[in-house]
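Engineer: Go by the hints and put chain L onto chain D.
2 protein chains.
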Amino acid sequence: MADKITPRGVDYSQWYIDIVLNAKLADYSPVKGCMVMRPRGYAIWERIQAEMDGRFKETGHQNVYFPMLIPMSFLKKEAEHVEGFAPELAVVTHGGGEELDEPLVIRPTSETIIWAKYKDWIQSYRDLPLLYNQWCSVLRWEKRTRLFLRTAEFLWQEGHTAHETEKEAVDETLKMLEVYRDVCERHLCLPVIAGRKSDAEKFAGAVATYCIEGMMQDKKALQAGTSHFLGQNFGKAFDVQFQSREGKLEYAWATSWGTSTRLIGAVIMTHSDDKGLVLPPSLAPEQAVIVPILKKDTQAAVLAYCGKVLAELKAAGVRAILDADDTQSPGWKFAQHEMNGVPLRIEIGPRDMEAGKAMVARRDTGEKAPYEVAGLPQAALALLGSIQKNLYDKALAFRKENTRSVADRAELLAFYGADKGEDAGTTGATGGFAEGGWCGSRECEAALKAETKVTIRCLPLDAQEGVSGSCCLCGAPAKHRAVFARNY
Amino acid sequence: MADKITPRGVDYSQWYIDIVLNAKLADYSPVKGCMVMRPRGYAIWERIQAEMDGRFKETGHQNVYFPMLIPMSFLKKEAEHVEGFAPELAVVTHGGGEELDEPLVIRPTSETIIWAKYKDWIQSYRDLPLLYNQWCSVLRWEKRTRLFLRTAEFLWQEGHTAHETEKEAVDETLKMLEVYRDVCERHLCLPVIAGRKSDAEKFAGAVATYCIEGMMQDKKALQAGTSHFLGQNFGKAFDVQFQSREGKLEYAWATSWGTSTRLIGAVIMTHSDDKGLVLPPSLAPEQAVIVPILKKDTQAAVLAYCGKVLAELKAAGVRAILDADDTQSPGWKFAQHEMNGVPLRIEIGPRDMEAGKAMVARRDTGEKAPYEVAGLPQAALALLGSIQKNLYDKALAFRKENTRSVADRAELLAFYGADKGEDAGTTGATGGFAEGGWCGSRECEAALKAETKVTIRCLPLDAQEGVSGSCCLCGAPAKHRAVFARNY
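Protein chains in written order, with this note's numbering: chain D, 226 to 713; chain L, 226 to 713.
Worth flagging that the hints you see were computed from the coordinates, not collected in a lab. On a predicted model such as this, the values are computed, not experimentally measured, just so you know. Treat each hint with caution, since some may be false.
One copy or two, it doesn't matter: identical chains are merged, so the pair holds either way.
Stated by the list, open to error - Straight-line alpha carbon distances no greater than 25 angstroms define the calculated DSS-like cross-link-like pairs of lysine-lysine that follow:
no., residue 1, residue 2
1, K427, K674
2, K302, K257
3, K257, K392
4, K500, K593
5, K229, K500
6, K249, K344
7, K344, K257
Same shape as in the complex, but just chain D:
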């Protein structure tokens, strides 16, 4: 199996696709631009969902479900919103054998249908806040797709909240960004930079978009989640007014925020290697696999012994499996489970059995060492914790190594090399994150993108106090500190 994976250094894009297909996370679908999530991929999504959903509930949110079909006229009520989404819509024109009076679109996002309903539910400040979230699929027509990272249909969660005051809505926006950051860093082992988008990159209909950005192994940025402060834009578009504490009629303030199955792509790209998938133990469908070394005379005894070890691991809370298949060699199985990203491999042969030992190999470092079987469950839990930490630390170190502070245009261009980024996806040879001052002008930003495909990923939240110096693009006084990168 292992030889099926194209090395990262040869073709990074192909390496990624090889892992997704060979580890059976997802597959192409007969419908262009859509994908099929296979059991091992969906199991990762279920763990991400469980963690996110728990955090949403802890922070007072409730789940709801709104229809997947939205009247076209709803989208048109918010001018920027429809302009942003119109090119990506899938349109239902016929239903039940008849042409529809008004075409319906499959939701690309649900602000419009949700705010149309909020009008019915919000009359007074006593009805606020509404802190709702939904788990569903959305559809945005895409021509160039890539499994998990960009598909026409994808699974996500979208939070939609309504508030009494601007401050409350801004606080909510940042609170959910922080939830995303924390889940990504702790649970996905994905270090991210939290920041605000430039106006050119913000959500269609938002006043301000906040995001978290991670660095992939090809040094490109991947946007892992967004949280939008929508101001009163949707409140006004859908006429959602409420009686305030002062007895006045006011428009409700809105936020929305989302993360998607794209996170699975981010996890794969951040941690995997040329042997295949590497997964944070917290996300791995199987955390440990026992591979028995089977020989004719001792096969039955070793299998029985491994069964006992399996039961002990499970009892301790380790998601363990036993690969008892006697038609494949241990070596074939090692490669297979490495491909699948199982964090720990436990080898037990007849001599190990007699000695009360097991050989344990870590997927992340490849380190292999003997352990007493008596203490194996505790050792396995400790190793899983160590892998979880190591993956995060390694990803953070990689990002730091590939982040450079730039003072001016020459430095920035040198950092990204002479090429225009066409090769970055293949060899991952150039670039990374550049940090520098930015004057805030759309023109500066657009010119850079046109020339190099480098964009402003975000204005990091922790670097906007007392900005000084000059714009690394034009030399004018800097208004912000920005992080630049090529991106997915």
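Structural biologist: Frame of chain D, contents of chain L only:
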């Protein structure tokens, strides 16, 4: 609030809608035929999902996700399937601003797109069985809709399995029917009859459809879940052949099975009363509500005391809330929480506090009794268990009372009254389940339906041995025992 609910005896349909809207389980959507699931309704769905999903995993199934869009040509590959679903399809004709080469339909069910992919995944008997399930929404265009019970879009799970042998597939079909029966009876407190559908009522594309049928309070039947043995119909339609153990090429055998948000409608209709929603404690978002009796002098002390009781209830695993709102009277709150179907109400006033007692009222029976606060968590758990059991027993007794064995046509017609069923939905006055012999003829069945709207709900699995006697419709020798009813 309570006066907003139309009594069952006056208008059963309106009673149902009043409960759904007033208990804020769901609401109408701006898109015709679709509904919005509100937090209290969605929370019930989450509990049903968790229970079902756990059972699916225990029985070896894995979750996957297939695209929501299906090429129209796929549906046409199975002749009965397309004939059954064509009238209900929503058709996407435009995507990304262009007309599509081939129209896509929003999945009404996913057999076709899943079996198109199974062709890639199944080559040998070693690849079998595939035991997959997905949680998603489906769309079947409907003109006459009713919240939860019949909407164009609904949430459901659909299991799709592929097997080596006919026997294995039949066993799987019946195993999943049994999972459904068990979850409905234990968890939803909904007694059901498990049986096979007549050929006229089976799924479009199935060899045999099995179902569970419950009786609602208007004595109509509601189909709560179906499990289909699909034979090799989809294997052949999508050319899914595998190398058998004997080295021959054979078509894979299939099953599919589904339950949906309709179950929420069944729960509401089975247990609720004229005061509002009644919920099995296992499904209730809140299992107990503490209503403090607030008086000026003692308000702070009583609230603090109630907070302590709340913490103890929660620590014991009771999903409890405290209604500390001081702008509403206790009486108003009582009615409100009855409407919402909270299984236990705990009243604590200043004198209760001093005596270390609390008054506890059961939602199901209305019984009210004082309890020692010291033992309240244990008492509450016992009461919740008792309510869970009582709801099931009551529903079962109701079904038995309203089930009659009929020998011939005259008895059957008398049981359903002279009317043709138009009023049954309003007053629920006539009928119930009739059990009788059936000759197996489609004509007998069709004539009955045309005349009375009564249909064969199923041929109960536990009543098909050694059938004797005559068909209660035509007097010919009976081949089956059938259960007849009007239905949702």
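Engineer: All hints, please: hold or fail.
Structural biologist: Tested hints:
no.	hint	result
1	K427 x K674	within (15 angstroms within a copy, 59 angstroms between copies)
2	K302 x K257	between (30 angstroms within a copy, 19 angstroms between copies)
3	K257 x K392	neither (43 angstroms within a copy, 36 angstroms between copies)
4	K500 x K593	within (16 angstroms within a copy, 66 angstroms between copies)
5	K229 x K500	within (9 angstroms within a copy, 65 angstroms between copies)
6	K249 x K344	between (45 angstroms within a copy, 15 angstroms between copies)
7	K344 x K257	between (37 angstroms within a copy, 17 angstroms between copies)
Comparing the model with each earlier hint shows a violation of hint 3 alone; every other hint is respected.
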